[in-house]
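With the hints as extra help, turn the sequences into a complete structure.
Number of protein chains: 2
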Amino acid sequence: MNLEKVCVDLKTRSYNILIGQNLLNQIGLFCRSILPSQKGVLIGDSNTTALYKEDCLISLLKENFHVSSWQFQAGEKSKNLTILGRLYDFLAEEKLDRKSFLIALGGGVVGDIVGLAAATYLRGIPFIQVPTTLLAQVDSSVGGKTAIDLPSGKNLVGAFYQPNLVLCDVNLLKTLPRRELICGLAEVVKYGIILDRDFFDFLETHIEGILALETSLLTTVVKRCCELKASVTAADETETGKRAILNFGHTIAHAIEVVSGYGKYTHGEAVAIGSLIACKLSETLMGFPPAETERIEKFFIKIGLPVSLVSTEIRSVDSLVLAMQNDKKTLAGIPRFVLVQHIGEAKFGCQVPESLLRKSIEEFIR
Amino acid sequence: MNLEKVCVDLKTRSYNILIGQNLLNQIGLFCRSILPSQKGVLIGDSNTTALYKEDCLISLLKENFHVSSWQFQAGEKSKNLTILGRLYDFLAEEKLDRKSFLIALGGGVVGDIVGLAAATYLRGIPFIQVPTTLLAQVDSSVGGKTAIDLPSGKNLVGAFYQPNLVLCDVNLLKTLPRRELICGLAEVVKYGIILDRDFFDFLETHIEGILALETSLLTTVVKRCCELKASVTAADETETGKRAILNFGHTIAHAIEVVSGYGKYTHGEAVAIGSLIACKLSETLMGFPPAETERIEKFFIKIGLPVSLVSTEIRSVDSLVLAMQNDKKTLAGIPRFVLVQHIGEAKFGCQVPESLLRKSIEEFIR
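Protein chains in written order, with this note's numbering: chain A, 112 to 477; chain B, 112 to 477.
Each hint should be verified, as a subset may be incorrect.
Mimicking DMTMM-like on lysine to aspartate or glutamate, the simulated pairs with C-alpha atoms at most 20 Å apart in a straight line are [what the hints assert, rightly or not]:
1) A:409 / A:319
2) B:210 / A:347
3) A:122 / B:325
Simulated coverage check for chain A against chain B, where a stretch passes if three residues somewhere in it have a Cβ under 8 Å from a Cβ of chain B [stated by the list, open to error]:
4) 114-127
5) 203-214
6) 228-239
A short, non-exhaustive set of chain A residues, derived as facing chain B with CB atoms under 8 Å [stated by the list, open to error]:
7) 181
8) 192
9) 196
10) 200
11) 437
12) 444
No lab work stands behind these hints: they were computed from the structure. Backbone N, C-alpha and C fix where the C-beta goes; we use that ideal spot for every residue, glycine too.
As structure tokens, this is what we get:
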């Protein structure tokens, strides 16, 4: 078994990310030494529960864990206070104590909501992330951000709370709908753009193999993304500084998701378009070479990501700008942007004149 | 102005508790140097808003703070997910950013719910506690515990989250209904019982003056309680050990509150009865002198606290025991108790045989 390991170094709250294949049906083994009790709850959405719950529970039972399970309807629309409240009620019914644990089996929505439940139930209990999408394996399951959405904005309520273990089984990516895989690749490419030019080159070179789900390539990709995210997170756990560069493309992406109604664009699709708009802004404000914007755009097209917005789906530029002003990274009503000098180097906290922002967004509407 | 100060030493999250009279109408001054932005929301319940909102807002406005206000119906019944959700929606409407602050103006319910909102809105924003009851000044506003109740139990959802400042204006205690004042004294006496025999003696000696709301006595009492709580909290912020002794009487008290329906007994009344039952258990298990149980019981009676349970209000001993098994301090279904060796010294994590527990509870039912 090729088992890769990335340690997220957060002193007393350090934890490991394990990356490899066929990890899910050994989850009991991996949990054995790191949990303070044998009692827990496995939480998935309607998709992941149908696909993987059985395997998880069998492996956990083999190691004498007593684990009940709970699920909710798949989709970003479930990431709200109502579902969180139902989950709390279930945890109370199951009489979990402070040493009991939660397992989040799913993509970003499951990880975010279960992470927040773990952060707040009894003021914090252990939890394990088992990300089942590429997006979750390379991004949302690592770094300890948990959240739910409010009607007025994405991720407005949440906590910084670290899991005890992240288990990335790349085999799970093979059941992923193609659109979900592609969506995850938007975040993968983002790491290259903001932090690692060599990794960007590697992705360009091997994109066919990645899209064909070659196991060793997937393992390499997930591991490199986790390493990059772990190092940024360790340096700045609660996003007071450097960690903000991970939000490249995201201020615009969140606005696209809010304005189009969650679900029209996947998160990754919105990030792809947001990244290109951020590149465009960077051309004017940071001297980012237009040829690199073009290179990224071509790469997104090759992957199958959208590179422009459909005008009927985003109402107006005004509504996008308004949504950005409501973003939680906003300070005193002025959104901050992550911009790039060249592929591999980014800067956070940049102010962008509203006129330039509007002009750049307009270029991407068709 | 006699301004007393207690520092809660939590490294980078250290903060001050200010204790004195006429502090509320100077709140703007005290906030001036410790908040990262001028924008905030003042939250109170229907009682505290009517009494104190105006004074607060005037003082804040003088220092150029831009503060809007929000309120909810007074009472423990409001400490739930529905009210928290409405508060989140208000914060989103007000477009608070990560540097904006909340002010909790009220007793334990307000402090708990506003603290949890501050801990989770945008994954954590600054907040200030302005406790308006004796219970909140000596206990709930200090130490960073925040929470809401679930239908199945008190404080089941919450976070450890420290305020930036606690402002204890003892003048506010003068508008407090007598029952609320008496309720707070149950927690005050608790500090003496578990940590400080001299303080217990002091309270016995000066109880008439305290009940007559003599300002200098109130200041001394609040300050000593805050010092004791601050030292325990600093030693063990997230209650993995010593901090648990503050729960003296509370496992039983919470069960009383759950079983009788929140509101029948005030928290302090339940704590008084819980403390006496814990003394009774301590007699058998720790050699606690029966004369000291009697001394405490007499003191509670003098203060005006109940010293027994009304049988019609608590259904049965079974229901109390069941509620304790659902308490969040329970580990593996076995409740843990804080017991006392003598007045001034306590021990946490004690197991109590169920038969003894039942017998001791029965002694207090009339």
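| task | Give me the numbers of the hints this structure contradicts, sorted from smallest to largest. | result | 3, 4, 7
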